[in-house]
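*Asks:* The residues making up each chain are set out below.
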Amino acid sequence: MSDCPPFTDATSRRDFLRKGAAAVAFPAVVSLTACADTKAATPADTASRTPAVPPTPVLSARQKADAMDEMHEKGVKAFPAKTEGKGNQPLQPRLEGGVKVYELTAEEIQWEVEPGRTVKAWAYNGQVPGPQIRVREGDRVRVKLINKLSQSTAIHFHGLELPNDQDGVPFITQPPVKPGESYTYEFTVPNAGSHMYHSHHNAVIQVGSGLLGAFIVAPKRPLPAHRADVDYVMVLNDGFHGYTLNGKGFPATEPVVCTQGQTVRIRFMNEGMMIHPMHLHGMHMTVIAKDGWDQPAPWKCDTLNIAPGERWDVLVKATNPGTWAFHCHILPHAESEHGMLGMVTALVVQKPGVA
Amino acid sequence: MSDCPPFTDATSRRDFLRKGAAAVAFPAVVSLTACADTKAATPADTASRTPAVPPTPVLSARQKADAMDEMHEKGVKAFPAKTEGKGNQPLQPRLEGGVKVYELTAEEIQWEVEPGRTVKAWAYNGQVPGPQIRVREGDRVRVKLINKLSQSTAIHFHGLELPNDQDGVPFITQPPVKPGESYTYEFTVPNAGSHMYHSHHNAVIQVGSGLLGAFIVAPKRPLPAHRADVDYVMVLNDGFHGYTLNGKGFPATEPVVCTQGQTVRIRFMNEGMMIHPMHLHGMHMTVIAKDGWDQPAPWKCDTLNIAPGERWDVLVKATNPGTWAFHCHILPHAESEHGMLGMVTALVVQKPGVA
Amino acid sequence: MSDCPPFTDATSRRDFLRKGAAAVAFPAVVSLTACADTKAATPADTASRTPAVPPTPVLSARQKADAMDEMHEKGVKAFPAKTEGKGNQPLQPRLEGGVKVYELTAEEIQWEVEPGRTVKAWAYNGQVPGPQIRVREGDRVRVKLINKLSQSTAIHFHGLELPNDQDGVPFITQPPVKPGESYTYEFTVPNAGSHMYHSHHNAVIQVGSGLLGAFIVAPKRPLPAHRADVDYVMVLNDGFHGYTLNGKGFPATEPVVCTQGQTVRIRFMNEGMMIHPMHLHGMHMTVIAKDGWDQPAPWKCDTLNIAPGERWDVLVKATNPGTWAFHCHILPHAESEHGMLGMVTALVVQKPGVA
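Protein chains in written order, with the numbering used here: chain A, 164 to 518; chain B, 164 to 518; chain C, 164 to 518.
Don't take every hint at face value.
If several chains are the same, the list does not tell them apart, and a pair holds so long as it fits within one copy or across any two.
Claimed, not checked - Quick list of in silico lysine-lysine cross-link-like pairs, BS3-like style, CA-CA up to 30 angstroms:
{"no.": "1", "residue 1": "K240", "residue 2": "K341"}
{"no.": "2", "residue 1": "K240", "residue 2": "K311"}
{"no.": "3", "residue 1": "K341", "residue 2": "K237"}
{"no.": "4", "residue 1": "K263", "residue 2": "K463"}
Worth flagging that the hints you see were computed from the coordinates, not collected in a lab.
Using the sequences plus the hints, can you model the full thing?
*Replies:* See the structure below:
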């Protein structure tokens, strides 16, 4: 701690940003903590001098405060922590006669939510969220669902205005897809925007276990005002895996990284059962679309309440350099006495020309 | 199941819609399931061949999946299920010297929420929600409340900008209306929109038990852009009767029925204690009013978050034929492992000229 | 009760308002109940004639109703109840070379939430919410945090777009401020609007215990359309102190008082962990800003859903004279069988020229 540079020192901050910039090519190397790359005392070092759990059962108030701070620091320094598996990865289609063909295999996997916490998940193609599908308005798309689960399932394309028989609701628009069976959806993509796909069968369990993903449709005629340098999908969830962003809890969440002056588009999607008011530090968000439909006029905020099933698209003009906390403002979704957790990530705004 | 027509077959879907159209005169006959009128295997039929509860205690994974699917199918096929009692029915006023006179009797009743689940309710005129009152801006209205409950009560006209002494809050604007007593409100309707009336005394219990209803005020000069062919009030609740739409839980909820090309106005009203993000499949909703006040510009969504006390008016252009799931997207409010429940209904878009 | 004038009698109402007007100079004297200044039977008086807890164990239904009503009446008559301590009080800065200097001392105190209910709180300058800071866009501001708590802490200026090193997040932008230590923030205020300051360390506990306050920034060029006669900050919370408005639960909440014809600006801020849809009786609210940013077009409502971390600014044109209930519409946040509680206050619109 004592080796950590003073954070009010602008030079140190610039140093960090300059060093951090070298890491931008692979965001997972970007560190949240401004002093992570210094010779700072690690929790272990500190413990050797000021034991967090001393031999005597009585801790002074200061020792208790230090012990708590060490847990908080440990979490921040671990960010972004490496875990097994990464969800929400772009899925390239196979082209068959002008049709974009995707295969989604639903099956049970083990999923590491945070370092050392591995849970049972039901996943598409081994990912939570399932692979990210990106198509264009008017594309012909075929999605083959292969069910390797022990339950029947089906896929609903949430937000797409499909013909009724492609809507994916068992017993209303199709039979359930039984274990071991497969089912093929095929349609021309009718409307642009940030949409989702997920199970619509026994969905409390199936979506809560991970059967969900982003389905992004680029418009035929994009608005110039919506042009962005970085396009980031953030799927919120609060199911059986705890509070997660793109399937991971802090410190295993992924930072959003950009360069000062760039515009970042964030596509929030709530696949959970609770609201999550996402708060960005340091800059505001300009809300441009709701459920894939452009808002009649953009509006600004720093805390955006996202309800289950909703998608909100925002633009952030990255004017303010630094590493900025970005989290759900329902505090127990983001922190405990042991440090930050769950729905916390960072927006990292790197200074331009630093490398 | 095996007799159910293939749902990806457009002909079958057209058949369904053609057959379904004959039922549109009485919406309760509209069936949610595309194969309900075929010689499909019923759960009972299926059970005779593949017992859901076999004599041996061990079920294979496939048998378990089938058993679950049968419960889901049973719920869907039962929709819209017949139950005793119907809430939210239009109440015709008695005219007395130009005044529209309504009588609301609050008393305890038995209320069938879903087939076979009957609960104690406190109701206006034996209905949950209470009868729907529709007046016009500027009308003179008299509402006589007759209290046959064991508790005092009072009516607050939620959203109407009445003179203070008509506001219905015991000890602030009036004395409570004691058991066995009656109380008369009288006012000139000041503002248009989708409003509500409900108890404002011991309201957690009284509103949670059913003392609530819709109070719709037509504007003097309706906007042409808001013209609708179907005008539907949907009261959301999550009180002592469980998750309900207009006082009933799925499969006893009522479908919204229209013809392709029509415009449907839906007036959402939340009388519960939780948010309910209502998600419509297949088409978007255009939001035109909040709490009875026109939005400065309409905006589109497919999932609309409705908080307690809020009213949101939307228009749906029924472009997409079929039977569409329409439900709260907090999944446990809409489904369990036993099938769909609570806050689920359907928007049924019939093809025109089919009869 | 029997002495209470009939509330549907306009003369009595006018009398009340005329008498109430004399009290407007000191809002705490304004009474919520329309018959508080009559020789009405008090609950104690009534009890001597109709004991709420009679010697026989059996109460008739009417006696039970009366006993419940008496509890409700008692709460209303007590409003606004006097308690020890008042939060959210304007803090005058010390001027040092053109810099506005504020000192905030975090320490543990006892806080009376409602009459007779005193809880442990962590407070800035002995207040919950902490003192209200009001500055102007472009001001140079210095905030010295003195930590007299047993835990480390830090201040995040929620909504201000500060340089990264002033953002107040331990281990990301600064070290934690240890018990007994102090820390100084200094910045030029970058953006106008209704913002907040609060702890960003162990925040579930620290914010939930009271370490929060309003930080209001007046714009350099205020919009004429946003001019208001009364400017009221309403901080919502649901932490360890229960459901509170500006740190107090009903009947110890503070009424918002104005004169008919005036415009009232209310700045809602949610420092809790739950949504709170605030419902105003008798008049609508015009929403003008979100998180300090002007909405592109104002819009109207009577129930405004405020999520954790959000700020919403509204204008109320006080057209309708009287005392109006103003409360969270999640009913258990506002009432129980024992009467109103928690997140309830009143908007009192006095007739002009009455004194």
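*Asks:* A separate judgement is required for each hint: does it hold in the structure or not?
*Replies:* Going through the hints against the structure:
For the homomeric pair K240 and K341, the shortest alpha-carbon distance between copies (19 angstroms) is at most 30 angstroms, but the shortest distance inside one copy (45 angstroms) is not. Taking CA atoms no more than 30 angstroms apart as the test, K240 paired with K311 passes between copies only; the shortest distance there is 27 angstroms, against 39 angstroms inside one copy. For the identical chains of this complex, K341 and K237 are inter-copy neighbours only, at 17 angstroms across copies versus 46 angstroms inside a copy, given an alpha-carbon limit of 30 angstroms. Taking the shortest Cα distances, K263 and K463 sit within 30 angstroms of each other only across copies (28 angstroms), while inside one copy they are farther apart (36 angstroms).
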